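Given chain Z's structure and the hints, the job is docking chain B onto it.
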Amino acid sequence: MSTSANGASSVRTIDPRAAWQEAFRAAAARDVDFTSLSGSELEELYGPTDADIDYERDLGWPGQFPFTRGIHANMYRGRLWTMRQFAGFGTARESNERYKFLLDHGQTGLSVAFDFPTLMGRDADDEMCLGEVGQVGVSISSLRDMETLMDGIPMDRVSTSMTINGPAPILLAFYIACAEKQGVAPEALRGTVQNDILKEYQAQHAWLVQAEPALRMITDVMGYCAENVPQWNTISISGYHIREAGSTAAEELAFTLANGMEYVRRGIAAGLDVDTFAPRLSFFFDSHLDFFEEIAKFRAARRIWARKMRDEFGAKDPRSWMLRFHTQTAGVSLTAQQPENNIVRTAFEALAAVLGGTQSLHTNSMDETLSLPTEKAVKIALRTQQVIADELEVTHVIDPLAGSYYVESLTSKLEAEAEKSFAEVERRGGVVPAILDGYFQSEIHRSAVRYQRATESGRKKIVGVNTYVEDDDGVPAIDIHRIDPASEREAKVAIAKLRSERDGAAARRELDAIRRACQDGGNLLERFVAAAHAYCTLGEIAQVLREEFGEFQEPKIL
Amino acid sequence: MTDRRIRVLVAKPGLDGHDRGAKTVASVLRDHGMEVIYTGLHKTPAMIAEIAVQEDVDVVGLSILSGAHMELFPRVRKELEQRGMAHVLLVGGGIIPREDIEALEGDGFTKLFGPGTNTDSIAEFIQTEMQQRWAKEGADA
Chain Z
10 MSTSANGASS
20 VRTIDPRAAW
30 QEAFRAAAAR
40 DVDFTSLSGS
50 ELEELYGPTD
60 ADIDYERDLG
70 WPGQFPFTRG
80 IHANMYRGRL
90 WTMRQFAGFG
100 TARESNERYK
110 FLLDHGQTGL
120 SVAFDFPTLM
130 GRDADDEMCL
140 GEVGQVGVSI
150 SSLRDMETLM
160 DGIPMDRVST
170 SMTINGPAPI
180 LLAFYIACAE
190 KQGVAPEALR
200 GTVQNDILKE
210 YQAQHAWLVQ
220 AEPALRMITD
230 VMGYCAENVP
240 QWNTISISGY
250 HIREAGSTAA
260 EELAFTLANG
270 MEYVRRGIAA
280 GLDVDTFAPR
290 LSFFFDSHLD
300 FFEEIAKFRA
310 ARRIWARKMR
320 DEFGAKDPRS
330 WMLRFHTQTA
340 GVSLTAQQPE
350 NNIVRTAFEA
360 LAAVLGGTQS
370 LHTNSMDETL
380 SLPTEKAVKI
390 ALRTQQVIAD
400 ELEVTHVIDP
410 LAGSYYVESL
420 TSKLEAEAEK
430 SFAEVERRGG
440 VVPAILDGYF
450 QSEIHRSAVR
460 YQRATESGRK
470 KIVGVNTYVE
480 DDDGVPAIDI
490 HRIDPASERE
500 AKVAIAKLRS
510 ERDGAAARRE
520 LDAIRRACQD
530 GGNLLERFVA
540 AAHAYCTLGE
550 IAQVLREEFG
560 EFQEPKIL
Chain B
97 MTDRRIRVLV
107 AKPGLDGHDR
117 GAKTVASVLR
127 DHGMEVIYTG
137 LHKTPAMIAE
147 IAVQEDVDVV
157 GLSILSGAHM
167 ELFPRVRKEL
177 EQRGMAHVLL
187 VGGGIIPRED
197 IEALEGDGFT
207 KLFGPGTNTD
217 SIAEFIQTEM
227 QQRWAKEGAD
237 A
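Protein chains in written order, with our numbering: chain Z, 10 to 567; chain B, 97 to 237.
In short, the hints are calculated from the structure, not lab data.
This structure is a prediction, so every number in the text was calculated from the model and none was measured.
Among the clues, some could well be false.
One side of the interface only, derived from the structure: several residues of chain Z facing chain B at Cβ under 10 angstroms [as the list claims (entries may be wrong)]:
1) L410
2) V474
3) P485
4) A495
5) E563
Ideal Cβ positions, reconstructed from N, Cα and C, are used throughout, including at glycine.
So that you can see chain Z by itself, here it is in the shape it has in the complex (with noise of 0.2 angstroms):
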């Protein structure tokens, strides 16, 4: 409407969203490069016919199909996530005392972090090992040395995830024998075991055995579990790994989501019941810094592992329709310059995980890039996760950015997106065999290099390393946690110790009876039970597993 000369009132037509255009183009931009941190192009603006959803079939309600919403029709108005430190370092002794102090100052579930040789299905005292003993985590090398690191906690009140996955079954047989000791029955243990080898082999690198025996204790995981340990989740599908090695958001959803039907396939070949083992499949994904992107791809993962479990393997029990995750910020976020900027970007990621409905969250440690955190750093990261929880008031409403234009694009975009990986891996004959020819690992490289090219560009900005650069922006001088040498050295004396005082036959006996199992098929995990209970070293059990199935060699993409 305008007002002539005249003092008239006419009509003209103007289209406002043709005026809002020319205005936009008229106006200068800022010279930046205006896509997600994943690379892909934003529009400026999201509108009614960008999100083309239909609220029932797209969306639903809380705790019903699709589960976009979130999988809980009450979400964090009835509990909040779990907040779940991942912490571990040193002896079983020193961890112990790690837990006990976490579980104090408000904690509700414990997250072990193995060292590298443990990771790795290697003792200790091992020659490959040298000086990476309780570096990145715990050492643990036998039954004795988990009794030592539950001492004291209730191993039936307080649920336990375990990061480990070439050898999980190993150290899961490890915690069920503790917990026997202690007086627990499995029936009553609650917790996570990683075991997600598909993405060692694509991202993290810490693998045992070849891909098809690795799937097959995997299995065996899955049917044990189902029997005896019922409210054990048997893997945690993670893409936090994927994302970390460089891939995009796009990718972490896709190729985690395909590792994920790989396990269900697995399982329904090896003849179990898809729902008596998809419900304890759980998620595991990285927070990162773009906080729409990241809450997308929570929600987009949901949406999508619903329509595969019901509509592509049949699966008639809603939970085994649900995709409950676990969230941890972004470790490649973090920089060493200036290292108190991360508290602020680990509470942004943390924030997007909250929005996105997660079921637990890591928040990571300030110093991180330095060392394994101190305990003022680990503090200040737990009572970030508390922040949220206590101050923000954003608990209160469910899944509040549902309906925003740009989210629930970005959601369908996504969706999208994974589905052409999907039939990209199919292409080449399923995850294993593309793992082995590289697809996955080239795939993530290529996102890797592409995502430093941008930040040493300065299109991608990252404060205090290419904006905001401080004098003598190296590797700062700050406290740091310092893993004592001794802690090696007491682990070789336990193991050692150990291995003297056992009842050496009744040892050998059980790496027999693995070795037969091995070959004739038996369940893998009930003999890692018995044998942890005659202290076999894991050491001792992975050398029987890797003499038996070989081996995984790594294939070449560089």
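Below, chain B without anything else, positioned relative to chain Z:
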């Protein structure tokens, strides 16, 4: 002599599986015209030194994010020396605290690169260093 291509071994000692940095640096060095050999994961110091000999490299770059650098980096240096490879330009990177950087730079490592390092600057450092070494070799000869 300026046509001579720098041969670099990018190596991952120990059990650490974090190879994002190593592979990214390997790709960037290749983009800068160097011949780059990547060892792959889980290599012992002796294995790395063997490959360095076989490939007759000018530079060995080590990457560790597992905290085992103080144990493994000096071992790689010793294994190289035992095989007559004391002359190689030895560099490294990873999650390495400042005082360890200082210690290693006083122990046969010419330069350690911390988190946030620009990868082009790594390539430039290696190029400059090798040009100087080759110029000196030429002058000595």
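Cross-check of the supplied hints:
no. : hint : verdict
1   : L410 : violated (30 angstroms)
2   : V474 : holds (5 angstroms)
3   : P485 : holds (7 angstroms)
4   : A495 : violated (14 angstroms)
5   : E563 : holds (5 angstroms)
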